[in-house]
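Please put together the full structure from these sequences, using the hints given.
Residues per chain, in single letters:
Protein chains: 2
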Amino acid sequence: MVKLTVTFLGTSSAAPSKSRGLPAVAIQREGDLLIMDCGEGVQRQVLEQGLGLNRDTTILITHLHGDHVTGLLGLLQTMSLAQRRKEVVLVAPPALFDWLRLTSELLHIGLTFQIRFVPAKRGLVLRTQHFDVTATRADHSIEAFCYIVREHDRPGVFFPEKARALGVPEGKLWSRLQGGRKVTIGGRTIAPGLVVGRRRPGRTIGYSGDTRPSKRLSKFFFGVDLLIFDSTFASKDSDKALERKHSTAREAAALAKECHAKKLVLTHFSARYKNVGNLVKEAKAVFPATTAAADGLSIQVDYPEE
Amino acid sequence: MVKLTVTFLGTSSAAPSKSRGLPAVAIQREGDLLIMDCGEGVQRQVLEQGLGLNRDTTILITHLHGDHVTGLLGLLQTMSLAQRRKEVVLVAPPALFDWLRLTSELLHIGLTFQIRFVPAKRGLVLRTQHFDVTATRADHSIEAFCYIVREHDRPGVFFPEKARALGVPEGKLWSRLQGGRKVTIGGRTIAPGLVVGRRRPGRTIGYSGDTRPSKRLSKFFFGVDLLIFDSTFASKDSDKALERKHSTAREAAALAKECHAKKLVLTHFSARYKNVGNLVKEAKAVFPATTAAADGLSIQVDYPEE
Chain A
715 MVKLTVTFLG
725 TSSAAPSKSR
735 GLPAVAIQRE
745 GDLLIMDCGE
755 GVQRQVLEQG
765 LGLNRDTTIL
775 ITHLHGDHVT
785 GLLGLLQTMS
795 LAQRRKEVVL
805 VAPPALFDWL
815 RLTSELLHIG
825 LTFQIRFVPA
835 KRGLVLRTQH
845 FDVTATRADH
855 SIEAFCYIVR
865 EHDRPGVFFP
875 EKARALGVPE
885 GKLWSRLQGG
895 RKVTIGGRTI
905 APGLVVGRRR
915 PGRTIGYSGD
925 TRPSKRLSKF
935 FFGVDLLIFD
945 STFASKDSDK
955 ALERKHSTAR
965 EAAALAKECH
975 AKKLVLTHFS
985 ARYKNVGNLV
995 KEAKAVFPAT
1005 TAAADGLSIQ
1015 VDYPEE
Chain B
715 MVKLTVTFLG
725 TSSAAPSKSR
735 GLPAVAIQRE
745 GDLLIMDCGE
755 GVQRQVLEQG
765 LGLNRDTTIL
775 ITHLHGDHVT
785 GLLGLLQTMS
795 LAQRRKEVVL
805 VAPPALFDWL
815 RLTSELLHIG
825 LTFQIRFVPA
835 KRGLVLRTQH
845 FDVTATRADH
855 SIEAFCYIVR
865 EHDRPGVFFP
875 EKARALGVPE
885 GKLWSRLQGG
895 RKVTIGGRTI
905 APGLVVGRRR
915 PGRTIGYSGD
925 TRPSKRLSKF
935 FFGVDLLIFD
945 STFASKDSDK
955 ALERKHSTAR
965 EAAALAKECH
975 AKKLVLTHFS
985 ARYKNVGNLV
995 KEAKAVFPAT
1005 TAAADGLSIQ
1015 VDYPEE
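Residue numbers (this note's numbering), protein chains in the order written: chain A, 715 to 1020; chain B, 715 to 1020.
Errors might be hidden in some of the hints.
Which copy? The list can't say, so a pair holds if one copy fits it or any two copies do.
In silico DSBU-like cross-links for lysine-lysine, where the CA-CA straight-line distance does not exceed 35 Å [what the hints assert, rightly or not]:
{"id": "1", "residue 1": "Lys959", "residue 2": "Lys800"}
{"id": "2", "residue 1": "Lys800", "residue 2": "Lys988"}
{"id": "3", "residue 1": "Lys954", "residue 2": "Lys886"}
{"id": "4", "residue 1": "Lys995", "residue 2": "Lys933"}
Derived from the structure by calculation, the hints contain no laboratory data.
Below you can see the structure in the form of structure tokens.
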């Protein structure tokens, strides 16, 4: 099984604390690296966590608040110092692209690689070799997006005994059937469905960025294997969550329950809470499969059926 | 004695390492805080070192390379989240000011305080209540400045026995004389020089930013109490120092010797050196009063004559 690993690089909200840096989440799958939001300090965490500067890298920015963006400059610069040549794909609200061009010039951030700019929008945003990225609008104080990273489906399980019973010899023809193509043997055509189970869905990770919960998001995140959700406040500060267009831990849990997520990770904690134990408790009362993110925490994402 | 403390917030060159962050140095003197360069991560170090977000703050930027600047955004944003009202003085090459205005708007960094922009230039740049800041041109790949922070002179030592011998009664008149003003007593005028020693020079800290050594800098930094100097490379990599317009540790030491600095601190180390022991050794052979900077290291600056 190919590992799909989510690593939290920064888990504070607007201001960092001694133990939490600004927002960023990494997703690794073999040579692929996706980074969701780039808070200040992300390059140091990429180094610390050994994520590498030369992977097939896609960066997804949810919105243009400084604390979700400013780490981008240092990350790109350090990739260049490491003589990266491969392009980086950058998905973001398009105003970021002009800012990045201007800033790179003014701050002499000479890039050794191309950036492929992909404007964030509702629906399918990007298809890579191993993932689809879809987005919807968040409910935040400025234009903001939520993302789902969806691994491509895998072929169904291959049943060797069925293939043998149908007289298909082991080897190339098995691979062909497993790949979803039919084969012809002794004048008979054998459809892959006869020897291969149904295609198995890939794993899905949902990332809310900064947002209020909403009906749209319950629908958008339906059935995700891992939901990473804004959990800035405790319930006692729900007035602040409402005012600043963030969510409480309990609201994150209610949404996870409503959208039938498999697991919930709370993140983007306000620095006012020295300890997030109470937020986790409030969330678990609603949705037991809840974990609190911490800087450096890694989580393996399992296949839905396994 | 009022303490004058230099704290190193980041001591790497262009890219951070696991133990060194990007360039920034803090100078504290009672309620005053000066920050020289603002590498990514500076706000986290300000927090870590307990420097406070509401001091009388002056920020001095040497040049517009990303690794010396990008931490500025987060620092200003976090000061605003802490509801700072006092202005911040920002000394920098003026192109930074436009960039900062544009970036603050685009990245929604709503400031709760004014920034007083002071363009860097040769000569006296800024006079604050306790310091003069002077600058000269560095020898780097782009326009860059070196700074000296010079504490104002203190009044000379007061000699009570001399005052008494001249018939000046203890109290207000002593303060007046100590403050450098004459007093009249029984028809006689007594000049402060009769009871007060010579004014004592304040402490001086020189900061090179990124530069090659030069004659101009030897002259500029003449006699500083503490010299913080570019020490990116070891002597074996002196070709790289030359090419990239940086200095070796040995060159920093030779300059410290030539300008009769009291103490030298090496900083801005290339991440290629896991251990800077060799750089320190090379420098000490030339200028024994040499220390290597480390993230979080604090140094007290002594008065010249003490």
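Hints not upheld, ascending by number: Violated hint: only 3; rest satisfied.
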